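*Asks:* The chain contents come next:
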Amino acid sequence: MENLTLEGSAKTPTVNFDCENGVLELKGRSIPENSIEFYKPLNDWIDAYAASPKPNTIVDVKLEYFNTSSSKCILDLFKQLEKLNAGNTEVKVNWYFEEDDEDMEEAGEDYQAIIDLPFKMIEVEEI
Amino acid sequence: MHVVRVDKVYEIYKQLEEKNVLLSFKGMITSELLTTILQIMESKMDHIDEKPKVKKKVFNILVECLQNLYHHIDQDDVIHVPLEDKSALLMIAKRENEYEITTGNYMKTQDVPALKDKLELVNSMDKAELKAYYKKVLSEGSLSSKGTAGLGMIDIARKSGEKLDFSFSPINDTTTFFSLAVKIAE
Chain C
1 MENLTLEGSA KTPTVNFDCE NGVLELKGRS IPENSIEFYK PLNDWIDAYA ASPKPNTIVD
61 VKLEYFNTSS SKCILDLFKQ LEKLNAGNTE VKVNWYFEED DEDMEEAGED YQAIIDLPFK
121 MIEVEEI
Chain B
1 MHVVRVDKVY EIYKQLEEKN VLLSFKGMIT SELLTTILQI MESKMDHIDE KPKVKKKVFN
61 ILVECLQNLY HHIDQDDVIH VPLEDKSALL MIAKRENEYE ITTGNYMKTQ DVPALKDKLE
121 LVNSMDKAEL KAYYKKVLSE GSLSSKGTAG LGMIDIARKS GEKLDFSFSP INDTTTFFSL
181 AVKIAE
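As you go down the protein sequences, you meet chains C and B in turn. When the letters of the first sequence are read in order and numbered with the numbering used here, they come out as residues 1 to 127. When the letters of the second sequence are read in order and numbered with the numbering used here, they come out as residues 1 to 186.
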């Protein structure tokens, strides 16, 4: 299978889903009016990856902004990974947020409370 | 005949100046316009060296407010009003200690009770209750075909930290004008 690489835009994040290293990165801003269209290929890629995942899967979420339309798609992505975690790969989520960005920190905690995956909250100076 | 009497233009300017309006727009809300407004506001806040924390809050709330307008105007098959009425109003003002985002748009009168209930519910909640309600809707709800999650007002209230000001002005039996004002403290 191939890696999924999408360049970020004013409303969509940079995507680097690397199947060789088992590292899935979302970076930037996710504020499309309708996020379903954008997230569908990401869900499809994870489905394909699920067939032969690496022993360890690292999910790096480095979002500066996301809207409520994306919040639901991000949850669905985590739910997919939650199922994957029960199989033959160990999934870990790194949730990055900028210093003083309590809203983004809280958003990570909200997902952590809903999703049964290990979350690591990582505070950085700039995303 | 001018749209505005030319000797009244200064009055309009003065009003906007006195209210410290950073940006004001009335018209159709398109996806491209959203991108442009967000870019303008980002550069304005960068220009005045706004605190990153405040900048993020204003940006986030603005995204939700604009996308509410965008999705409402999408309902052209339902609301039978002339095309020029399918526009919305957006104003962003900055006072000494706060930003204020004001929006106005037409909506179906039959949808007013549900929206009013939601706004009243959100306004009755404290920070912890809003967080719990957000998580409940996020985990139990599903996206509409337009990609809306039913989370917009909850998210706006959560990030604003202030009560939402709103008003409904009936236009006729089927159409109502909805106005919303959101404050973001510095």
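What the hints contain is simulated information worked out from the structure, not anything from laboratory work. No experiment lies behind these values; they were computed from the predicted model shown. Incorrect hints may appear among the rest.
[Said to hold, decoys possible] Keeping only pairs whose Cα atoms sit at most 25 Å apart, straight-line, the calculated SDA-like set for lysine to any residue is:
{"no.": "1", "chain 1": "B", "residue 1": "K53", "chain 2": "C", "residue 2": "N94"}
{"no.": "2", "chain 1": "B", "residue 1": "K127", "chain 2": "B", "residue 2": "G150"}
{"no.": "3", "chain 1": "B", "residue 1": "K131", "chain 2": "C", "residue 2": "D18"}
[Claimed, not checked] Computed, partial: chain B to chain C, Cβ under 8 Å:
{"no.": "4", "residue": "L33"}
{"no.": "5", "residue": "P52"}
{"no.": "6", "residue": "K53"}
{"no.": "7", "residue": "F59"}
{"no.": "8", "residue": "E64"}
{"no.": "9", "residue": "Q67"}
{"no.": "10", "residue": "Y70"}
{"no.": "11", "residue": "H72"}
{"no.": "12", "residue": "N97"}
{"no.": "13", "residue": "P113"}
{"no.": "14", "residue": "K135"}
{"no.": "15", "residue": "L138"}
{"no.": "16", "residue": "G152"}
{"no.": "17", "residue": "K183"}
[Unchecked claim] From chain B, some residues computed to sit far from chain C (all C-beta separations above 10 Å):
{"no.": "18", "residue": "K8"}
{"no.": "19", "residue": "E98"}
{"no.": "20", "residue": "Q110"}
{"no.": "21", "residue": "M125"}
{"no.": "22", "residue": "S139"}
{"no.": "23", "residue": "D155"}
{"no.": "24", "residue": "L164"}
Every residue, glycine too, gets a C-beta built ideally from N, C-alpha and C.
*Asks:* With reference to the structure, classify each hint as holding or not holding.
*Replies:* Hints, one by one, checked against the model:
1. Under the criterion of a C-alpha separation no larger than 25 Å, the hint pairing B:K53 with C:N94 is consistent with the structure, at around 22 Å.
2. The hinted pair formed by B:K127 and B:G150 meets the criterion: a straight-line CA distance of about 18 Å does not exceed 25 Å.
3. The suggested pairing of B:K131 with C:D18 is violated, with an alpha-carbon distance near 34 Å, which exceeds 25 Å.
4. Look at B:L33: its Cβ only gets to about 11 Å from chain C, farther than 8 Å, so that hint breaks.
5. Interface restraint check: B:P52 against chain C, minimum CB-CB distance 7 Å, threshold 8 Å, status holds.
6. Residue-level restraint check for B:K53 holds (minimum Cβ-Cβ distance to chain C is 5 Å; threshold 8 Å).
7. The restraint placing B:F59 at the interface with chain C holds, with a minimum CB-CB distance near 6 Å, inside the 8 Å limit.
8. Annotation: interface hint on B:E64 holds; nearest CB of chain C at approximately 6 Å, less than 8 Å.
9. Of the supplied interface hints, the one on B:Q67 holds, with its beta-carbon coming within about 6 Å of a beta-carbon of chain C, less than 8 Å.
10. Taking 8 Å as the C-beta contact cut-off toward chain C, the hint placing B:Y70 at the interface holds, the least distance being around 6 Å.
11. The criterion of a C-beta within 8 Å of any C-beta in chain C is not met by B:H72, whose closest approach is roughly 12 Å, and the hint is violated.
12. Hint on B:N97 is violated. Least Cβ distance to chain C is approximately 18 Å, over the 8 Å limit.
13. Because the closest C-beta pair between B:P113 and chain C is about 22 Å apart, greater than 8 Å, the hint is violated.
14. The beta carbon of B:K135 comes within 5 Å of a beta carbon in chain C, closer than 8 Å, and the hint placing it at the interface holds.
15. For B:L138, the interface hint holds, the least distance from its beta-carbon to any beta-carbon of chain C being 6 Å, beneath 8 Å.
16. The restraint placing B:G152 at the interface with chain C holds, with a minimum CB-CB distance near 5 Å, inside the 8 Å limit.
17. Residue-level restraint check for B:K183 is violated (minimum Cβ-Cβ distance to chain C is 16 Å; threshold 8 Å).
18. Annotated as non-interface, B:K8 keeps its C-beta farther than 10 Å from every C-beta of chain C; the closest such distance is 37 Å.
19. Distance check for B:E98 against chain C: the nearest CB is about 17 Å away, which clears 10 Å, and the non-interface claim stands.
20. The Cβ of B:Q110 sits about 24 Å from the closest Cβ of chain C, beyond the 10 Å cut-off, so the non-interface label holds.
21. At the 10 Å boundary, the C-beta of B:M125 stays outside the reach of chain C, the nearest C-beta of that chain being 15 Å off.
22. Distance check on B:S139: its Cβ comes as close as 5 Å (rounded) to a Cβ of chain C, failing to clear the 10 Å threshold; non-interface status is violated.
23. With a cut of 10 Å on Cβ distances, B:D155 falls inside the contact zone with chain C, its closest approach being about 5 Å.
24. Distance check on B:L164: its Cβ is at least 15 Å (rounded) from any Cβ of chain C, clearing the 10 Å threshold; non-interface status holds.
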